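Let the hints inform the model, and build the full structure from the sequences given.
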Amino acid sequence: MRNTFLKAFMVVLLFFGAFAVVAKSIPSTPSLPPEETLFEVAAIKTKQDIAMAGQKIFFGKGQCALCHSIEPSASYRCPPLRGIGAKLTRDALYESLTKPEAFIYLDYSSDPPKPFSARMPQVTKPPIGLTENESLAVVAFLQTLGGEITVDPSELTSPTPVAASQRAGDN
Amino acid sequence: MSVEQQVVAIAAAYREFPLLGSRNMIWVTAQLHLLFAGFVLGVPIFAWICELVGVITKDLRFDWLAREFTKLLIAAFGTTATFGGVLLFLLVALYPTFFNVLTEIFYPTYFLYAGLFFAETTALYLYWYGWDAMAHRKGLHLTIGFLLNLTGTLLMMIANSWATFQMSPVFVSESAGVWRKAWQVVNNFTWMPLNIHRLLANVVLGGFICAAYAGFRYLAGITATDRERYDWMGHVGNFVGIFAMLPLPFAGYWLTREIYMYNQQMGITLMGGFLSWLFILQAILIGVLFLGVNYYLWLGLAYRTQGAERYRKFILAMLVTLAVCIGVWMIPHSLVASMEEAVKMGGTHHPLLGVLGLMSAKMTAANIMILVTFISFLLYWRANREETARWATAGRIAQVVIFAAAIAYVIWLGVYGYFVPVIVRIGFSVNQVLAVLATLAVVTVMTTLMLRNATLVGTMQWGRMPARSQYVLILMAADVILLMSMMGYARSASRTHWHIYGMMRDSSPDAFSPSLGDASLVIVACSVIFCLIVSFIFWVASLPGRAPVRAILAAQEAAGREAEEKVAAQHKTVGKIAAQLEAAKDAEVST
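Just so you know, the sequences run in chain order V and B.
The opening residue of the first sequence carries number 17 in the working numbering; numbering runs sequentially from there.
The opening residue of the second sequence carries number 108 in the working numbering; numbering runs sequentially from there.
In case anyone wonders, no lab produced these hints; they're calculated from the structure.
Mixed in with the good hints, there may be bad ones.
As the list claims (entries may be wrong) - Pairs of lysine-lysine residues, derived as DSSO-like cross-links and limited to a Cα-Cα distance of at most 27 Å, are as follows:
hint, chain 1, residue 1, chain 2, residue 2
1, B, Lys288, V, Lys115
2, B, Lys178, B, Lys288
3, V, Lys141, V, Lys63
4, V, Lys23, B, Lys178
5, B, Lys288, V, Lys141
6, V, Lys115, V, Lys103
Unchecked claim - Covered stretches of chain B, as calculated for chain V (at least 3 residues, CB under 8 Å):
hint, stretch
7, 602 to 614
8, 632 to 642
Said to hold, decoys possible - Computed beta-carbon distance windows for the label pairs:
hint, chain 1, residue 1, chain 2, residue 2, range
9, V, Lys40, B, Pro573, 25 to 35 Å
10, V, Lys23, B, Val427, 25 to 35 Å
11, V, Val27, B, Ala424, 22 to 32 Å
12, V, Ala81, B, Pro203, 26 to 36 Å
13, V, Lys23, B, Arg417, 29 to 39 Å
14, B, Val431, V, Lys23, 28 to 38 Å
15, V, Gln64, B, Gln372, 23 to 33 Å
16, B, Leu639, V, Lys40, 19 to 29 Å
17, V, Gln64, B, Arg364, 40 to 50 Å
18, V, Val27, B, Leu426, 16 to 26 Å
19, B, Arg497, V, Lys23, 48 to 58 Å
20, B, Thr555, V, Pro96, 50 to 60 Å
These numbers come from a predicted model, not from an experiment.
Glycine residues also receive a C-beta, built at the ideal position from the N, C-alpha and C atoms.
Here it is, written out as structure tokens:
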């Protein structure tokens, strides 16, 4: 019995070893995470600076681009945002980010009509967890899509640096 | 938050595990937990099917087999729970922030999980300890077995929701209630395809581990009865493994399709990015599995089945077809080439092989391999029988036509796929799968009807298989374990540097994904540890009813002596009778 086990186990080990040798022989390199970019509020001087910071958050920490495209695209789940700066006021944009349930059409297929659940997350809550400054920066970026930036650098409340990408420690 | 504060916060979010590192520790523990979970979910499904077959066919061997494997569950169940507990401790200790986020999202499911765990444990104890007590109430026993499998499957589905949420998170509406929110996150994009994929894979694992165990016991068997019994057991395990394996590529394809639908970038990372060569390794392992399964069936035709001679001539053609299909499946789309090589080749895609590296060709190869394996099984199924149905000849011709049509259709769609847009080509894969599944279903029903009242032209000679057939069974189980470990890594690595894809970034020093070669070492380590622990469980489970080997040998010797004495006594008696007859004849002649 013991010999049979050893023999069988050796066969299995040889097989595993052969697999490891083949896998090792395939040229491959580790996949490194992209570098995180930090920007400081103190360095933001103009409205354009805020919008650029907002763009980074849009494609980074905010994860907006996970569902929204700028141009119309069939592969995205949520509405494209081209021209959103002209369509919505600043307050509406801000409210869409921080209170996505505020303006939502009722579902008239049920009687009485009931509110839809918003698929849009509240971006100030975890796991996204944007700060007030970051939310304003995203609003500024969205305003560049067909509108005019109305967020002023003086509105940014804290002079402390803000991370452009998600940090686990922020949660 | 200042940069310094952020650094402090990140340090608090992670803790380092000495020597091995936090990520490796979590990786190995999670993989072992997954393999054991697969084992304790797959084996009861396997045992329950065997018990059911035993009740229907009234063949007591199936009941023995089901019981033999349920016995292992008790030890394996504890081991699975232990690894689950260790994993939980490690997550809380090493990744506290991440675990807090998961808890915030999933805490209602924790209570459900705990409740189901209790229910599963109760069902398992009743199923195992009530085996004899319910020997005459098989309906009740089978119901408890069903509940055991149901609760186990639901447990798996809850755990899958945590893992799949990390891959394909959904945003929850703030206004929804606690349970509705929980359902929204549970029912994410990749949840159901992973449930189906894991369910099937667990049955495959259960079947092949059973076959490997039987193979080992066959090799170590002392008596002819042992070899007969374990040869049959290996055959049943292999049979269950094959049948669960046949739809597995389709389930895998569905899962990958959902990943692409959810996030194209993740799909590209998986199939076309740094993980793409992992799928070449997967093709090799699946190729080995298909070859092993078929080889075992062919050995069964050659050694075990009387009357199978008429089918042996097809083996070479099937072997060649399988080899070609495996070759196609293994071809990568793009090659790792130097600049000079790429210039000579006209790009990183080889002009001929690059074409065969596309999914169109791979799906075609996979489907044909499934059909060939099914043909092997079909030949084995009717090797020692002669159909007596009046329409048997017409039925056989119809089956040949169905197979030919299915293969032609699969190849045609594969070739035509190169001339249509990608989205149409993806749709073709569904048609290929449906054609193969329909063939499997129709031919199975036809064969069942044709073999009704069939006459036996030979017997199944259990216990005559050569030793290499049993090593094939052992290797197939090892192959499945390796495959599961590797694909576990693939699924996890597809998230790249995210704890929760696109939502929560991994900011630890382990946020990178290792090279394929380095990853393979951890994958092999997981597989070896699992094999060792499973062997230990088998050994422990065999202790209570184990008669000492010497005693068996002595009994055998005694039985042999007794038989010899009996034969000698019979010879003596026959000799006496012959002498008496001779004497009587002589007396008659003289009178």
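* Asked: Ala81 (chain V) and Pro203 (chain B), beta-carbon distance inside 26 to 36 Å?
  -> 29 Å, holds
* Restraint status (C-alpha distance of Lys178 (chain B) to Lys288 (chain B) at most 27 Å) -> Violated, at about 40 Å.
* Asked: Does the hinted range 40 to 50 Å hold for Gln64 (chain V) and Arg364 (chain B) at CB?
  -> 42 Å, holds
* Asked: Is Lys23 (chain V) within 27 Å of Lys178 (chain B), Cα to Cα?
  -> Given that 27 Å is the threshold and the Cα spacing comes to 25 Å, the pair holds.
* With respect to the beta-carbon atoms only, verify the hint that Val431 (chain B) and Lys23 (chain V) lie 28 to 38 Å apart. => Holds, at about 33 Å.
* Satisfaction of hint between Lys63 (chain V) and Lys141 (chain V), Cα-Cα up to 27 Å -> Within the cut-off at roughly 25 Å; holds.
* Within the stretch 632 to 642 of chain B, is the number of residues with a Cβ closer than 8 Å to a Cβ of chain V three or more? -> The restraint on the stretch 632 to 642 of chain B holds, since 4 of its residues have a Cβ under 8 Å from chain V and three suffice.
* Take a quick look at whether Lys288 (chain B) and Lys115 (chain V) sit within 27 Å of each other, Cα to Cα. => Holds, because 17 Å separates the two Cα atoms, which is no more than 27 Å.
* When you take the CB atoms of Lys23 (chain V) and Val427 (chain B), is the distance between them in 25 to 35 Å? -> 31 Å, holds
* Starting from Lys288 (chain B), check that the Cα of Lys141 (chain V) is at most 27 Å away, please. => 15 Å, holds
* Evaluate the given range 48 to 58 Å for the C-beta pair formed by Arg497 (chain B) and Lys23 (chain V). => With a Cβ separation near 51 Å, Arg497 (chain B) and Lys23 (chain V) satisfy 48 to 58 Å, so the hint holds.
* Asked: Has the hinted range 23 to 33 Å been met by the Cβ atoms of Gln64 (chain V) and Gln372 (chain B)?
  -> With a Cβ separation near 29 Å, Gln64 (chain V) and Gln372 (chain B) satisfy 23 to 33 Å, so the hint holds.
In terms of the numbered hints stated before, the structure departs from hint 2 and from no other.
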